[in-house]
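**Student:** In order, the protein sequences belong to chains D, L, R, V, G, C, B and H. Each step along the first sequence adds one to the number in the working numbering, with nothing skipped, and position 86 is 86. Just so we're on the same page, the working numbering is the position in the second sequence counted from 1, plus 167. Just so we're on the same page, the working numbering is the position in the third sequence counted from 1, plus 334. Just so we're on the same page, the working numbering is the position in the fourth sequence counted from 1, plus 501. Just so we're on the same page, the working numbering is the position in the fifth sequence counted from 1, plus 668. Just so we're on the same page, the working numbering is the position in the sixth sequence counted from 1, plus 835. Just so we're on the same page, the working numbering is the position in the seventh sequence counted from 1, plus 1002. Just so we're on the same page, the working numbering is the position in the eighth sequence counted from 1, plus 1169.
Simulated from the structure, these hints should not be mistaken for lab results. Beta carbons are placed, not taken as given, at the ideal position from N, Cα and C, and that holds for glycine. Treat the hints with care, since some could be wrong.
Each pair of labels, with its calculated beta carbon distance range [to be verified]: (1) Arg-1224(H) to Ala-496(R): 54 to 62 Å; (2) Trp-1166(B) to Ala-325(L): 48 to 56 Å; (3) Asp-359(R) to Glu-136(D): 48 to 56 Å; (4) Leu-1020(B) to Glu-189(L): 24 to 32 Å.
There are 8 protein chains.
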Amino acid sequence: MKKVAIVMGSNSDAPVMLAATETLDRFGIEYEVEVMSAHRSPEQVRSFVEKARERGFGVIIAGAGGAAHLAGVVAAHTTLPVIGVPLDSSPLHGVDALYSTVQMPAGVPVACVAIGKPGAINAGVLAAQLLGITDEGIARKLDEHRRGMAEEVARKSAELKASWRRT
Amino acid sequence: MKKVAIVMGSNSDAPVMLAATETLDRFGIEYEVEVMSAHRSPEQVRSFVEKARERGFGVIIAGAGGAAHLAGVVAAHTTLPVIGVPLDSSPLHGVDALYSTVQMPAGVPVACVAIGKPGAINAGVLAAQLLGITDEGIARKLDEHRRGMAEEVARKSAELKASWRRT
Amino acid sequence: MKKVAIVMGSNSDAPVMLAATETLDRFGIEYEVEVMSAHRSPEQVRSFVEKARERGFGVIIAGAGGAAHLAGVVAAHTTLPVIGVPLDSSPLHGVDALYSTVQMPAGVPVACVAIGKPGAINAGVLAAQLLGITDEGIARKLDEHRRGMAEEVARKSAELKASWRRT
Amino acid sequence: MKKVAIVMGSNSDAPVMLAATETLDRFGIEYEVEVMSAHRSPEQVRSFVEKARERGFGVIIAGAGGAAHLAGVVAAHTTLPVIGVPLDSSPLHGVDALYSTVQMPAGVPVACVAIGKPGAINAGVLAAQLLGITDEGIARKLDEHRRGMAEEVARKSAELKASWRRT
Amino acid sequence: MKKVAIVMGSNSDAPVMLAATETLDRFGIEYEVEVMSAHRSPEQVRSFVEKARERGFGVIIAGAGGAAHLAGVVAAHTTLPVIGVPLDSSPLHGVDALYSTVQMPAGVPVACVAIGKPGAINAGVLAAQLLGITDEGIARKLDEHRRGMAEEVARKSAELKASWRRT
Amino acid sequence: MKKVAIVMGSNSDAPVMLAATETLDRFGIEYEVEVMSAHRSPEQVRSFVEKARERGFGVIIAGAGGAAHLAGVVAAHTTLPVIGVPLDSSPLHGVDALYSTVQMPAGVPVACVAIGKPGAINAGVLAAQLLGITDEGIARKLDEHRRGMAEEVARKSAELKASWRRT
Amino acid sequence: MKKVAIVMGSNSDAPVMLAATETLDRFGIEYEVEVMSAHRSPEQVRSFVEKARERGFGVIIAGAGGAAHLAGVVAAHTTLPVIGVPLDSSPLHGVDALYSTVQMPAGVPVACVAIGKPGAINAGVLAAQLLGITDEGIARKLDEHRRGMAEEVARKSAELKASWRRT
Amino acid sequence: MKKVAIVMGSNSDAPVMLAATETLDRFGIEYEVEVMSAHRSPEQVRSFVEKARERGFGVIIAGAGGAAHLAGVVAAHTTLPVIGVPLDSSPLHGVDALYSTVQMPAGVPVACVAIGKPGAINAGVLAAQLLGITDEGIARKLDEHRRGMAEEVARKSAELKASWRRT
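Just chain D, with the same shape it has in the complex (with noise of 0.2 Å):
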């Protein structure tokens, strides 16, 4: 099974994209994490990124906020899908990151996910799906995730009706 790469601009996004790694974890995906920037390291990231597919991975997950060039860059520098999430971590909440990763010009895509930590959960759940495309064991996990989060949200809805009138 293809792994999946998980890079970020700054070790300070590292509490936010944590969540993506949770959510691999869940699914029994492999995965490696890194740090990397688009402009304080850019030979590192091309280096990472262009060995990426040999090296086993199907899948990379870039988070970065501000100018937020990362997913970008790393998508100029593989053919591989390169999923970004933008994260929070500027006076502009995160516009300037959702604008910057996902105005990518024809030619060279970015899967964009919602700003902070429900993009992160949501690009491990976006990477599961991209390597469940052939892979059923991962297609049926997916599945199962998905009648759970249902149960769950009807688990929620009875608590409330019982409590509402209490509160």
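Could you slot chains L, R, V, G, C, B and H onto chain D? The hints should help.
**Tutor:** Showing chains L, R, V, G, C, B and H alone in chain D's frame:
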């Protein structure tokens, strides 16, 4: 090989979404197109999407403007990867569609690409990349496509340098 | 008298949506609360909403944050009026939820109110106004409520004038 | 049956607001149109709105652009439900009108719909839905209208599939 | 000398609007404060504003947040100059109040100042400037105030230069 | 009677700012126009503005687009009231000019009006209101102007009602 | 004297970026133009930029629209100053390019100028200013250019005053 | 060697602007700090800036929030390069300061960097880059600094990989 489904919220979105089909044609990937609305024909969406995996689809591309719930609603009915193309069809110039497509809650991702035509093209490229994770033929075509783009940029640059002074 | 359904995308939305129930209590209007997610439990949404009219509901209030598709998806399954409350639960401060709730396509409206708690309160008042179109008892209570607000403003104004110099 | 009032801040708003009247015509709902300005003719607004309920109106639709205070000022003078249509008539493309219409303070709601023409159409549909809470004839027409939309989407989808390859 | 009226949409706005009164105190200008709501107490607004000129007011300062119709509604009832202070009291951080206060239609202006406390202070200074057009005593005080600010900046600059290296 | 100065950052702003002069003509108020740039001709700004009060000006209207520092720089050189008109002359559609004009720091206000032509008209009306604080002749003309607007709205409303069915 | 490199993400950006070359021509500064894409031809960017200092360049101007990573990626490969020109070539009107160009992380600056053509002109002026820090000839030309602008503003002002009444 | 001037609109901006001085210290570049306000002390700005070149300054860094005219006004009085740092000191989170700093008209550029502290740091780095165009000692230090950053990223990456599983 898995097919790609291209769905859109309105037939007025077809001219833009056409770019996705042209891109898939270039990579020799099969696809089907469908108009379906998250709001006006929700049953059509559900019935199409629920059968998508068993009907041989590996990826679903969904384009919509305005409130642009289509990609999210498609994602709610499948664990196949869903690529969302926010369209510029309201006075808000696609910001509404972008936020609505990308800000999905934890657990149900949409892979959002750029607003409008570059996004539609990139939805096609991204779909090819997803299938190319495990399909070496597509991966090779993606690499050629990438090299072709680099060569075209270099050629355009040479032309520009030659013509600059004369303009 | 018709009942009001108050649905929300997550139980974390309950503290804000509570304001809608308190408002309905003030007007003596019956309601039910439910947690349901357009993305994580779409079947629950569909089955609840499709039966809503026959179960005696006259209005559905739906609160959600982020991509906030809930109100629109509810509206897709019923021709009862749907009031959408965009919630401030992402780094975009509710602008994402607002655009997603209000920018519905022609044919399937959502009645959108303000972001967050004022919106939740007003969802309750608006629901009362809808039922008050034909229910004179509610219409009378609405007029009293309005007069009460005007009197409260006048009282607060008097207090402020009295205290201003002393602060 | 209750009538609907359609008021707008300027006669230049009439071409867009026309869409609301066409929608009401489709549902056989009676209405009156009026130009009135929250700022240039506040007494006209007050006197029209204060008498609206007794004159047989059940809903008021108010369309305005720019600062767009009209819907809010109408709502201040009645406890009938007020539907606000933010119009795109300033360099801010209707964002100003949207914020001004939707961000009403607790206690005095406006039911805001989409910016511009889709909003005007939906104001008509929403008005029908409000009257349809207790009017079964309208409720039936709304259900037919909804089915018609679903059928039209399906027809458009079939046409698109037929024509796609030929374009 | 003409008085200044300071009105605000809610008594929760008083702490910010206090800054306007302190500024007027500094220039020896008389004023009255009042809480009044464009939506919850429109008659109070109208009756206060219509009598404002004959009661000796020369300027009205209106502060409000959210949809912030107060300044516009005040302006609709008088031809006295109205200064609007948009307040930051919603999740949109005052952008809603700013757009709603400043984007008035042709014919009925509001003189909009900055969001929040700097705006409240400047509403006081601007009111003094308006009265100072024809009142030489106020004009002189304004010039002194301006010189005082320049001196304070110079003093702060000197302090900063002295302390910089030690921090 | 005091005169009004109308200054603008570029002669390309003249067609919009013309609306301010037409408005002043209607109220019989004298004015002068001047092109001056906060960035390209700062000495011209300073020397004009510093002499403005003694030359008989009572109000300065300043229109500018883009970074739009003109109104603020004018305000820095005088304690006369300065009315700022943000112009829509950049890809940001006047939001840049609006923020730059309205967000003045405490102590040096600008009275900001709407973006573009409605703002230019209202700058003229506001200037008349400022002079009308103490000039009864102008105050009377302002009241007539206001009544004229109300009558025009009523007439437009009657025309619309008459023509509606025929369109 | 150092040369200036003008690079752009696409040859469709050439008409706007032409303004930078015309400005450099005016100051007698040598330059080269190149089309290069951060995403489609990253090796071309790297190889051009890494050699820029030794090839005699003193400044690099980079223009790009959409995600607009070009200026940042150029800055990642050199410690020469990089001037970024955000271009208006997506539905977001250059806000995406602006945020992406200006919000660079600590350590790797881009000197961002205005969106579009004024930015392209100013990139040329700024490049001249950078070279003019130590080159007295350029500094003199900049001062003449500045004086010329002030004179042109004064001339335009005189023309406007002469023509105003006649229009 | 040329000195750098660091000016700011208020002494409350000093804690953020301190980052620029620390950066210049690292490169051994001399500087002076000054508080000066475009609006409250325009003469101080003018007199400081007009003498800046002859006093040995090569670059001026200007930080300001809100309407943030300081960098533009500084640029109006000199042809030295001016670096603008937009500060996050209003409810608009620095977007106002960003637009006001970056959207300068053709002819008078400001080199705008990121909002807040990263911008202040980068103003220092950019100033070093400007002086480093012709100063080989600074150019060498900049290259070392860049290498240091790449090494730090690699070290942080190694730490993260080591600690990931243990968190």
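**Student:** Of the hints given before, which are not true for this structure?
**Tutor:** none
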